[in-house]
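Produce the entire structure from the sequences given, and follow the hints as far as they go.
So the protein lines, in turn, are chains X and Y.
Residues 1 to 502 in the numbering used here are what the first sequence lists, from first letter to last.
Residues 1 to 502 in the numbering used here are what the second sequence lists, from first letter to last.
Any given hint could turn out to be false.
You can't tell identical chains apart in this list, so a pair holds if it fits in one copy or across any two.
Stated by the list, open to error - 25 Å max Cα-Cα, derived PhoX-like pairs, lysine-lysine: (1) Lys369 <-> Lys214; (2) Lys54 <-> Lys120; (3) Lys453 <-> Lys415; (4) Lys68 <-> Lys453; (5) Lys147 <-> Lys362; (6) Lys400 <-> Lys54; (7) Lys449 <-> Lys276; (8) Lys400 <-> Lys147; (9) Lys40 <-> Lys369; (10) Lys484 <-> Lys214; (11) Lys433 <-> Lys449; (12) Lys400 <-> Lys40; (13) Lys95 <-> Lys120; (14) Lys369 <-> Lys484.
Bear in mind the hints are in silico, worked out from the structure with no lab data behind them.
There are 2 protein chains.
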Amino acid sequence: MFTSITESPLYHIANPGSIAMFGASNNLTAMGTNLLMSIKAIGFEGPIYPVHPKENEVLGLRAYSDVKDLPETPDLAVMVLPTRIVSEVLEACGKKGIGSAIVVTAGFKEVGSDGADMEKEMIRVVRQYGIRLLGPNCIGVANPHGKLNTTFMEHEGRPGFIGMASQSGSFVTQLFNYLSTYGLGFSTAFSVGNEAVTDIVDCMEYLAACPHTKVITLYIEAIRRGRAFMEAARSIVPHKPIVALYVGGSEAGRRAGFSHTGAMAGPDNLYEDMFKQCGVIRARNVTELFDFSWALGNLPLPSGRNVIVQTNSGGPGAAAADACSRAGLQLPPLSEKTLERLGEMVPHTASVANPVDTTFTKNPRHYWKEIPEALLDDERCDALLMYLLMPPQNIRRALKHLGVPEDEVEAKMDKIYSSTAASITPLIERYGKPVVGYGFRSMEEPFSKHLLKNGVTFFPEPERAARALEAVARYAEMRKNLLKNGENAAENGSELIGKIPL
Amino acid sequence: MFTSITESPLYHIANPGSIAMFGASNNLTAMGTNLLMSIKAIGFEGPIYPVHPKENEVLGLRAYSDVKDLPETPDLAVMVLPTRIVSEVLEACGKKGIGSAIVVTAGFKEVGSDGADMEKEMIRVVRQYGIRLLGPNCIGVANPHGKLNTTFMEHEGRPGFIGMASQSGSFVTQLFNYLSTYGLGFSTAFSVGNEAVTDIVDCMEYLAACPHTKVITLYIEAIRRGRAFMEAARSIVPHKPIVALYVGGSEAGRRAGFSHTGAMAGPDNLYEDMFKQCGVIRARNVTELFDFSWALGNLPLPSGRNVIVQTNSGGPGAAAADACSRAGLQLPPLSEKTLERLGEMVPHTASVANPVDTTFTKNPRHYWKEIPEALLDDERCDALLMYLLMPPQNIRRALKHLGVPEDEVEAKMDKIYSSTAASITPLIERYGKPVVGYGFRSMEEPFSKHLLKNGVTFFPEPERAARALEAVARYAEMRKNLLKNGENAAENGSELIGKIPL
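Quick look at the structure:
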């Protein structure tokens, strides 16, 4: 570990002041051109110097025929060039004094022995010139806080708190859209490619020190430095959660990973044990990877695994109860005091076992404030799982029939959604316990959007909600164990993590 | 089993010519009023007779103060009345000659012994008068093909092919919106409630004979007639797939189900064995329940478990390969002939192992036609799983930079989406093998909507796609076994199933 984030080999890769761009042209179907368009689209604030043998101007920027002619030494070179010339261009960059490079170009180790030879030569060059390298065969970096995006697709959504290191570039660039649907975003995301020089462990150390990152999210096909991975994870986890998806453990996943980045995967149970030993939360698939990241970055840690489920519909309550049980959470009975408090608010057809199925409430507002308050107040409650339904048609027809003028109905609905959505986050603040929502409606509906705007963690199905809550409970347990077992190491780590300004 | 669907005790419940409505008023917050609004909103074509002690008119319909005054004998009574008067009103219905009733009212067996006594009295009354009863404590029926929806929420989307029987009314009425997002819909959906008289087995028999139903979908908290369930399933499964979610097998799910409908659930492994023995495909959660229903209703049956994954992005390919492996599917290597055909279309950086990762294609159209054709032609391919990505921003910026006028870009994009989406279903028809898509973008995006319009089965994550494909493969295997083991029984069943017009 380093003592300042600026010492990270990835610092200028993620935070360049200026960029030399190789492989962009005015041919709009070329990969390099698309990358440059992405850099421009996010509003990168430093100078960009396209280097092109023939063009005087590339996408409106002055182009240079040779890197040695650039008016300054840029912090970073981004390269999408034919495989066979990459080392030569890197050498020219080294001579110019450029200290960092992203090599997007593929066709190295992952395609066989000729590629592997070219990769070795490239490594020799960057070592000789002290160039810090990300890639090859990667898609680069997205650091939306720093207005940087070297990837194929334009950045969408807001900068967020998910720090990603990925052995797939697609899971950086192709997920901007996915994350923005959930109101999420990357703090910084690295596509590591073949990891010729810097690797996923370097990214973890960078993200541990990154103040925008609340959770470190890993997509792994194979870990190249097992011991370093475990040491880094053990010192990070007490301070920041790490979530990992490992796809190399199945036979087909292993083969796919090998063709993809030339990495040799290990048996599933080996990785399973490794993750457990160093406190990394394992996700089973891409959906869980980001669900867990969302919950871990957004919720307080629960004291235990006792969940109360609140619903106004029997089936969704039973499905959530079943999902909690299967995820390894418990549903305790409510205390006498809680039962008394609920009795005043719910009809006789309600069930006040856990799940608490109100069926309906005497005052509809109670569902969103007084009832969750009573449940969170119960000392057996470590976390609350709420069914969130505001059926638009029914609200619309009620308002219409209540005499709200046609042209005011939508605005009135929006107000109802907005005030309802705003009632949940204060519960978390007041009780310091996780509150997670679930439903079966789209994340793109107006009420969902209000929930997202208000920072509510919620999922479009109960199983995802239950598993995300379990991941948070698991992290709380692992963190406690790591802190107990390695207080000194953890204390050392804490000096660095999250405290160094970028 | 019956010889005509009209003999089903549920026939007039799902296909009434006329309805007597009890409990609707002009009070717009009342449950009964909302149900009547739903019946009107879907455009029910027969007469509706509100019965109300005080009102002359209910929601614009002439109301009657007593059922005996109705000008004809309606086929069906729908009842949302206080628990204690339900039996009395059913008796009046019986005297009028009404043969079918839906009792929405709760507060019976599920709330304890007083309720159980009232339920017994109700059963005595309906037996005495030969009334066919759905409920109590249910939400009724949605039969969008027959323009009937007695449930709380207005029907959304198109009539579909999913025949549902549910021990939760929410999983009928609250899922109209969910299903319509996926371009799906119910053929007919029954909320069975406490199953005082008709039960989930009656629904299965009805849906087996319903010509609109391609797949039978069950939400189960507890099965009351185990033997009848198994016999019905065994005779139906060779002709129509049955998918079931059972939530009563976990401790919390069992308790929730008991408070919900008063049903006694059994151990999880008992249900697991029962489903296996009669060929019912088990879903682990609500999402799988409808994912499996979609795939089973929409795809041809594969000959085996060999899947080829086609992608142009490494990570999504590896994640899909891993998901297939974990779901119990195999990824065979491609034949020499297929490799040759692919070689002409993909660059040297492509991987032609399985997953087939094209990275890009020399002609972009090849990804959507020639490549899947080559893969489906491979005799080792039982099913194809395709990564479906059409990134809107990149297409938009390419079109703009290619000189397409600003105001024509969106129309041009729509045309590209439309022709691309139209290329997939013909593959299924030509090769008779399942083709399933996956991606990470919203189902509400323009390209997704074109895919849905073209009948493509696709999922917003690879694991759901892989598990749905596995469900179809499992059904193909179970069906074959059931046909082999019970040819006579199955042949008898086939005379009835799906052949009787409504």
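Results for each hint:
In this homomeric assembly, Lys369 and Lys214 never come within 25 Å of each other (Cα to Cα): the closest approach is 28 Å inside a single copy and 43 Å across copies. Proximity of Lys54 to Lys120 under the C-alpha cut-off of 25 Å is found in neither arrangement, the shortest distances being 29 Å within a copy and 90 Å between copies. With identical chains, the CA atoms of Lys453 and Lys415 are at most 25 Å apart within one copy only, with a shortest distance of 14 Å there and 34 Å across copies. In this assembly of identical chains, Lys68 and Lys453 lie within 25 Å of each other by CA distance neither inside one copy nor across copies; the values are 48 Å within and 55 Å between.
Proximity of Lys147 to Lys362 under the C-alpha cut-off of 25 Å is found in neither arrangement, the shortest distances being 50 Å within a copy and 33 Å between copies. Within a single copy, Lys400 and Lys54 get their C-alpha atoms only as close as 66 Å, which misses the 25 Å cut-off; across copies the closest is 24 Å, which meets it. Taking the shortest Cα distances, Lys449 and Lys276 never come within 25 Å of each other, neither inside one copy (36 Å) nor across copies (42 Å). Within a single copy, Lys400 and Lys147 get their C-alpha atoms only as close as 46 Å, which misses the 25 Å cut-off; across copies the closest is 24 Å, which meets it.
Within a single copy, Lys40 and Lys369 get their C-alpha atoms no closer than 46 Å, and across copies no closer than 34 Å, so neither meets the 25 Å cut-off. In this assembly of identical chains, the alpha carbons of Lys484 and Lys214 lie at most 25 Å apart only when taken from the same copy (22 Å versus 57 Å across copies). When the C-alpha separation of Lys433 and Lys449 is checked against a cutoff of 25 Å, the pair qualifies only within one copy, where the shortest distance is 23 Å, while the shortest distance between copies is 39 Å. In the homo-oligomer, the alpha carbons of Lys400 and Lys40 lie at most 25 Å apart only across protomers (16 Å), although the nearest pairing inside one protomer, at 48 Å, exceeds that limit.
Within a single copy, Lys95 and Lys120 get their C-alpha atoms as close as 19 Å, which meets the 25 Å cut-off; across copies the closest is 92 Å, which misses it. Proximity of Lys369 to Lys484 under the C-alpha cut-off of 25 Å is found in neither arrangement, the shortest distances being 37 Å within a copy and 58 Å between copies.
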